[in-house]
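Chemist: Hey, can you work out the whole structure from these sequences and the hints?
There are 2 protein chains.
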Amino acid sequence: MEQIKGGVCAAEGFSASGIHCGIRKNRGKRDIALIYSEVPANAAAVYTTNLVKGAPLIVTKEHLSNGKAQAVICNSGNANTCNADGIEIAEKMSSLLAQELGIGAEDVIVASTGVIGQPLDIEPIRAGIPQLVKALGDCSAQAAEGIMTTDTKVKEIAVSFEVGGVECKIGGIAKGSGMIHPNMATMLVFLTTDCAVSSEMLQKALSSDVADTFNMVSVDGDTSTNDMVTLMANGMAGNPEICDEGEDFAAFMKALNTVTVYLCRRIAADGEGATKLLECKVSGAESILQAKTVAKSVICSSLVKAAMFGSDANWGRVLCAVGYSGAAVDTGKIDVFFSSGKGKIEVCRGGSGVPFSEEAAKEILSEDEIEILVNLNSGAERACAWGCDLTYDYVKINGDYRT
Amino acid sequence: MEQIKGGVCAAEGFSASGIHCGIRKNRGKRDIALIYSEVPANAAAVYTTNLVKGAPLIVTKEHLSNGKAQAVICNSGNANTCNADGIEIAEKMSSLLAQELGIGAEDVIVASTGVIGQPLDIEPIRAGIPQLVKALGDCSAQAAEGIMTTDTKVKEIAVSFEVGGVECKIGGIAKGSGMIHPNMATMLVFLTTDCAVSSEMLQKALSSDVADTFNMVSVDGDTSTNDMVTLMANGMAGNPEICDEGEDFAAFMKALNTVTVYLCRRIAADGEGATKLLECKVSGAESILQAKTVAKSVICSSLVKAAMFGSDANWGRVLCAVGYSGAAVDTGKIDVFFSSGKGKIEVCRGGSGVPFSEEAAKEILSEDEIEILVNLNSGAERACAWGCDLTYDYVKINGDYRT
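Taken in order, these protein sequences are the chains called Z and G.
Under the working numbering, the residue at position 203 of the first sequence is numbered 203, and the numbers go up by one with no gaps.
Under the working numbering, the residue at position 274 of the second sequence is numbered 274, and the numbers go up by one with no gaps.
Hints are computed from structural coordinates only; laboratory data are not their basis.
On a predicted model such as this, the values are computed, not experimentally measured, just so you know.
Careful: at least some of the hints might be erroneous.
Note that the list lumps identical chains together, so a pair holds whenever it fits in one copy or between two copies.
[As the list claims (entries may be wrong)] Here are the simulated BS3-like pairs of lysine-lysine, each with C-alpha atoms no more than 27 Å apart in a straight line:
| hint | residue 1 | residue 2 |
| --- | --- | --- |
| 1 | LYS5 | LYS25 |
| 2 | LYS68 | LYS281 |
| 3 | LYS68 | LYS333 |
| 4 | LYS29 | LYS281 |
| 5 | LYS362 | LYS396 |
| 6 | LYS396 | LYS153 |
| 7 | LYS153 | LYS204 |
| 8 | LYS25 | LYS362 |
| 9 | LYS61 | LYS333 |
| 10 | LYS25 | LYS333 |
Modeler: Here it is in structure tokens:
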């Protein structure tokens with residue numbers, strides 16, 4: 001497997017675009033994105049578990065009921081959620097795009113992200129679609145920018161891998177930032193591959209992967225109404241279609257996981273106001289569920305997050321978060337280490353503190369990628385969760401997001 | 001029922017004190033508190049559900065196994081948690097105090113609050129106990145200050161009420177601030193009453209009340225390792241002892257609830273960095289559990305909290321938090337209002353936005369006590385949860401708490 005350029009356009013037959021159509025007032029910010037496969041693709045998706053669901057998700061779910069799609073359209077600046085005319089507007093986005101592309105409206109994945117509860121005007125979208133289609137090309141970064149809200153960095157990746165001796169590619173773009181919390185699917189992620197995979201196996205691959213990747217990310221504990229992850233596979237690589245588990249499926253899963261873990265890390269690192277990526281790696285657990293529960297609890301703790309912002313080795317807050325996680329752990333067996341590019345330091349052994357150099361700890365925690373290592377010393381299972389620090393800027397961004 | 005002065009010393013036979021003994025470096029801040037009943041009292045308590053438990057809780061639980069207590073000692077500045085010698089130190093605090101007071105060590109409730117995982121030196125406590133006992137008097141506010149950590153305000157209250165024609169009093173002090181999240185018991189609260197109540201009924205009253213009061217408060221979603229609420233009843237009012245449910249028990253419960261709701265509101269309003277008290281009142285629920293689940297979810301949302309800090313009527317975040325709460329609600333039936341001393345404004349009806357004046361909303365949300373009213377329109381049950389806004393100062397306080 002090799003990391004390659006091209007993001008969501010790396011796979012054969014996929015092109016993308018991102019433009020400013022006028023949903024946002026700031027003309028310098030692209031606010032609508034398109035991903036297009038030149039042939040119909042098998043498609044899979046996972047959606048937020050929030051009972052309040054954005055209208056685009058309801059429409060997309062219906063469109064994907066046959067396991068096929070050919071295009072993704074996604075705007076930023078407005079979530080099209082909790083609006084009386086939401087479904088109608090999402091259908092309209094699909095049909096206008098389908099008409100321009102000459103495909104069926106039911107082959108369109110439609111998504112929106114931004115403020116909840118403000119009517120989404122279809123006019124700038126109607127006016128922008130011809131330009132959006134015209135701009136289609138090797139433009140993954142422009143599409144990635146088009147779906148950004150308070151994200152500060154474009155998030156894209158692609159890798160090449162082999163299936164049955166045939167080279168395949170898989171890539172994706174993502175938006176994260178705020179209202180990000182593990183639950184089935186979080187944030188918006190669009191993945192494309194030219195690998196031939198049946199709709200059933202594609203859904204199986206995505207659902208299974210998401211449980212260990214996007215569901216293990218939290219920026220602020222708020223599960224959004226508009227989250228979804230979609231994966232289109234157009235088969236243009238020419239490999240024999242993957243229709244069951246086995247070596248080929250495993251190779252595909254590995255490539256998919258490389259892409260999704262990369263995007264998880266980038267989403268966490270670019271969480272609203274974040275200055276640091278936090279990874280909580282739990283080992284020595286009795287079960288994967290136990291490891292995941294503990295890792296998520298630590299990564300979601302406001303107190304741990306604020307301590308990491310201050311480069312403060314306040315490991316008691318890590319123990320506290322393990323203790324209230326809901327996992328039945330033996331607290332007297334827990335070891336805790338902090339680690340980064342600057343080294344690794346033990347701060348707690350068997351549930352009690354050990355003497356350590358505050359200066360060395362501060363240096364380790366001053367890096368922008370921090371690992372919080374928790375060993376439960378009770379088994380052989382592991383899990384990892386991703387998050388970010390809690391900063392003044394998180395409060396600033398969210399104290400006045402709408403105006 | 002009438003609100004009276006005296007806090008934890010209002011009830012007959014109770015005295016208190018708070019001094020600086022040297023656990024904290026700042027000599028201006030009292031760091032140890034004592035509450036004393038001149039006769040042995042029936043006692044009840046509830047404790048944190050965090051699996052990581054402070055050593056003082058373990059010792060207190062053992063001391064209260066006979067349902068009796070006569071004194072409370074509590075230090076701030078150090079939680080005496082996750083220390084290898086924690087139990088030994090907590091036992092020592094009890095026995096040194098018991099010796100000075102001439103009571104049994106098993107009649108001492110011992111508590112600590114502050115940093116986790118740093119050894120607690122017994123020496124300043126040993127040296128301070130004689131002075132602490134000497135200072136006993138009508139000093140509820142000094143005791144309340146002695147247990148404060150990052151709290152900015154003393155929290156105390158007392159009320160008088162009648163049981164069987166006899167005037168009784170109940171009062172309490174509390175510390176809250178950070179690491180505050182509903183779960184059995186949160187924060188430290190010490191309650192005293194001269195009402196005669198059997199140990200069994202006392203525990204029943206406390207456990208039942210806590211479910212609707214302290215368990216419905218959240219500052220930051222982190223359930224502390226050292227939380228407890230204790231209630232001592234010394235019977236000195238002279239009423240016939242309450243030994244079962246009935247009119248007298250109801251009168252006692254009502255007085256207890258008045259005291260605890262007051263302390264909940266003060267704890268939430270003085271949450272770390274808080275500028276506003278938030279109350280989420282849920283009505284129209286199918287069950288109390290549903291109402292509580294929704295109210296807690298809204299009050300815990302970082303995004304709702306940050307919006308309230310910015311006086312931003314971003315009701316979509318309220319809907320979002322209802323949707324991911326885990327309660328099975330019909331999202332199409334939800335109405336949302338914001339309310340304060342400046343008025344009340346409808347922002348969402350039947351799950352969709354309604355036009356409202358942003359200026360009027362801003363004025364309402366600029367007050368320091370805000371109500372978020374959520375009507376589920378599905379039944380007749382209600383619940384209330386208390387919290388606070390998320391501010392720059394929360395991050396500041398917790399980015400560098402230890403140093």
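Chemist: Next, verify each hint and record whether it holds.
Modeler: Hints and how they fare:
no., hint, result
1, LYS5 <-> LYS25, "neither (31 Å within a copy, 57 Å between copies)"
2, LYS68 <-> LYS281, "neither (37 Å within a copy, 45 Å between copies)"
3, LYS68 <-> LYS333, "neither (50 Å within a copy, 34 Å between copies)"
4, LYS29 <-> LYS281, "neither (36 Å within a copy, 39 Å between copies)"
5, LYS362 <-> LYS396, "both (26 Å within a copy, 17 Å between copies)"
6, LYS396 <-> LYS153, "both (18 Å within a copy, 26 Å between copies)"
7, LYS153 <-> LYS204, "neither (30 Å within a copy, 55 Å between copies)"
8, LYS25 <-> LYS362, "between (42 Å within a copy, 22 Å between copies)"
9, LYS61 <-> LYS333, "between (46 Å within a copy, 23 Å between copies)"
10, LYS25 <-> LYS333, "neither (55 Å within a copy, 33 Å between copies)"
Checked against the numbered hints listed earlier, the structure breaks hints 1, 2, 3, 4, 7, 10; every other hint is satisfied.
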